[in-house]
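Residue numbers (my numbering), protein chains in the order written: chain A, 40 to 342; chain B, 194 to 518.
Honestly, the hints are just simulated from the structure, not real lab data.
We put the beta carbon where it would ideally sit given N, CA and C, even for glycine.
Just to be clear, a hint being listed does not mean it is correct.
[As the list claims (entries may be wrong)] What the simulated footprint calls covered on chain B by chain A, stretch by stretch (three residues with Cβ under 8 angstroms from a Cβ of chain A suffice, anywhere in the stretch; the number is not a length):
no. : segment
1   : 268-282
2   : 438-452
3   : 467-481
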Amino acid sequence: MNPSRTATSAVAADADTALRQKVLRRIRSRPTTRGAVILLGILLLLALLAPFIAPQNPHDLASLSVMDNRLEPGSQGMTGITYWLGTDAQGRDMLSAILYGLRTSLLVGLTSTAGALAVGILAGLTAAQFGGAVDAVIMRIVDFMLGFPSILIALVLLASIGRGVDKVIVAIILVQWAQYARLMRAAALVERRKEYIEAAVNFGLPTRHIMLAHLLPNSIGSVLVVSTISIAGAITLEATLSFLGVGVPVTQPSLGLLIANGFEFLLSGEYWIAAFPGIALVLLIMSLNLVGERLRRSFNVRG
Amino acid sequence: MTAYILQRLIQSILVLLAVSVVVFLAVYGIGDPIELLVPPQVSAAERTAMIQRLGLDLPVWQQYLSFLGNALKGDLGHSFVHGVPAVDLILARLPATFELVLLAMGLAAVIGIPLGLLAGLNPESRPSRAIMAGTILGFSLPSFWKGMMLILLFSVFLGWLPTAGRGETVSVFGIPTSLLTLDGLKHLALPALNLAIPNMALMIRLVAAGTTEAISQDYVKYARAKGVRRKRIVGRHVLRNILIPVVTVAGMEFGSLVAFSTITETVFAWPGMGKLLIDSVYQLDRPVVVAYVMLATLLFVAVNFLVDILYAALDPRVKLTGEMA
Chain A
40 MNPSRTATSA
50 VAADADTALR
60 QKVLRRIRSR
70 PTTRGAVILL
80 GILLLLALLA
90 PFIAPQNPHD
100 LASLSVMDNR
110 LEPGSQGMTG
120 ITYWLGTDAQ
130 GRDMLSAILY
140 GLRTSLLVGL
150 TSTAGALAVG
160 ILAGLTAAQF
170 GGAVDAVIMR
180 IVDFMLGFPS
190 ILIALVLLAS
200 IGRGVDKVIV
210 AIILVQWAQY
220 ARLMRAAALV
230 ERRKEYIEAA
240 VNFGLPTRHI
250 MLAHLLPNSI
260 GSVLVVSTIS
270 IAGAITLEAT
280 LSFLGVGVPV
290 TQPSLGLLIA
300 NGFEFLLSGE
310 YWIAAFPGIA
320 LVLLIMSLNL
330 VGERLRRSFN
340 VRG
Chain B
194 MTAYILQRLI
204 QSILVLLAVS
214 VVVFLAVYGI
224 GDPIELLVPP
234 QVSAAERTAM
244 IQRLGLDLPV
254 WQQYLSFLGN
264 ALKGDLGHSF
274 VHGVPAVDLI
284 LARLPATFEL
294 VLLAMGLAAV
304 IGIPLGLLAG
314 LNPESRPSRA
324 IMAGTILGFS
334 LPSFWKGMML
344 ILLFSVFLGW
354 LPTAGRGETV
364 SVFGIPTSLL
374 TLDGLKHLAL
384 PALNLAIPNM
394 ALMIRLVAAG
404 TTEAISQDYV
414 KYARAKGVRR
424 KRIVGRHVLR
434 NILIPVVTVA
444 GMEFGSLVAF
454 STITETVFAW
464 PGMGKLLIDS
474 VYQLDRPVVV
484 AYVMLATLLF
494 VAVNFLVDIL
504 YAALDPRVKL
514 TGEMA
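From just these sequences and the hints, can you work out the full model?
Quick look at the structure:
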């Protein structure tokens, strides 16, 4: 424990625990939020366990039977397998495709949010710590990024670098880091005026140590709270890019790409190819939004 | 004031320049337009001539400089695919996108403001909670999937509305519009609704939050104590005070609606600017993509510039010199 913090840290820790308990109580008391947490847990579990519970491996072309293409939900396949959610144009079981798609969507959403958090936090912290020209340059870039619609930036970038899971993640990091940078800077600026930072500076601690060991842990809260909603944003963005044909590759379809594949069959009434992955996507995004919104309100963060 | 305007103007121009470099370099990487545009069966001489005519043989920086020089003259290059100036191509699609966006904003306001008022006046009531839950749904539905489900419901199952295109248009002052024909309106209904829903949710939330805050203010309590009727308090005092932020946000949302119409236009095959952008990305039509992004940036920068100047003119607290907050 740092000498500069010991005096206040006990009180702060108590306040922290109290706040945390209050938030948990609120989440439990609201049925909608409780439902959203449970739903989110189920979806995460399904994505995690997809290889074990999916009736079919949708990436393994040998296990697919083209004869079974575009079957209605509940149909029996040639091999005796029941397609509860129907099949797509390649004869792929939609339920299995959705379980695996959930994995890809979550992988992209979580990884890109983590990346954007890292870049944004570092940029915001640097801007707050050094101020002056560094601050001005970083915040100009942030303002510009936030002023421009994220979908356009990501679309043009991916159009030039091509599709791929890693490339989509890079594109989402590029459009999402700025909001974290702004929040982090605001929080760090408030924190920097406090006495313990002044004490640390007077102690002669190196700047990097002050930034990472003192400023970072004490001003990161609001950024983390907002990140839950941003995961939903990242997943939506990925789905949209994949729908537009510049997102994940066809060999690793996310929920968005599954929906896109079903688009051409929609008009002939074969609704299940596009509808069911969409329902999974909406449930995922909604549960993240509901939980994120409740967290944000409970911690009283604007952003 | 003049110095301030000048400073903001220089900043805006720098932003435009920076974007032009980034976009030009990013889009330069889209595949190889020679492969796409020069048919494989032409002779080597013809091939060289075509490459020269399109300027594809020059070094990148020369291509950029000639691009920049032409851009200042309002020429953002010719479309590789259509052979006409890229700016003309985009401007020809502008009316279709604008009528879609305007109708969507109108729908969002006409439905969103009353619902927001209702939810804000009694925040704890059952209908209000339903409305607020609905806004989360409105934010959560991915635009492209929502559009497909609208098509599925209203076109495939019910057969009421068409799924694609603009329908019959009439010319008003030389600008074709779908707003004035029944067939055109039928074609507009689904895309406009699709584009309007997230904005409607935003409106509802803004108005509800504003209303809840406003009704606890002293001027409302005073009006009530004076015996002013509830309807009049809401219509005359509350609504007026909350409309200012709503109008501000609506103005700012206009730009992002134009951008987001890209997705809606793709789903409904609406022949607007957004559809043109997506088609150009697929066809590696580099000049059109660059021109689209430059025009969009110009629009955003211009709007920001005007808003800043307006705020500075209206609000004496905004510092006119030095750093902008």
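**OP:** Go through the numbered hints given earlier and state which of them the structure violates, listing their numbers in rising order.
**Re:** 1
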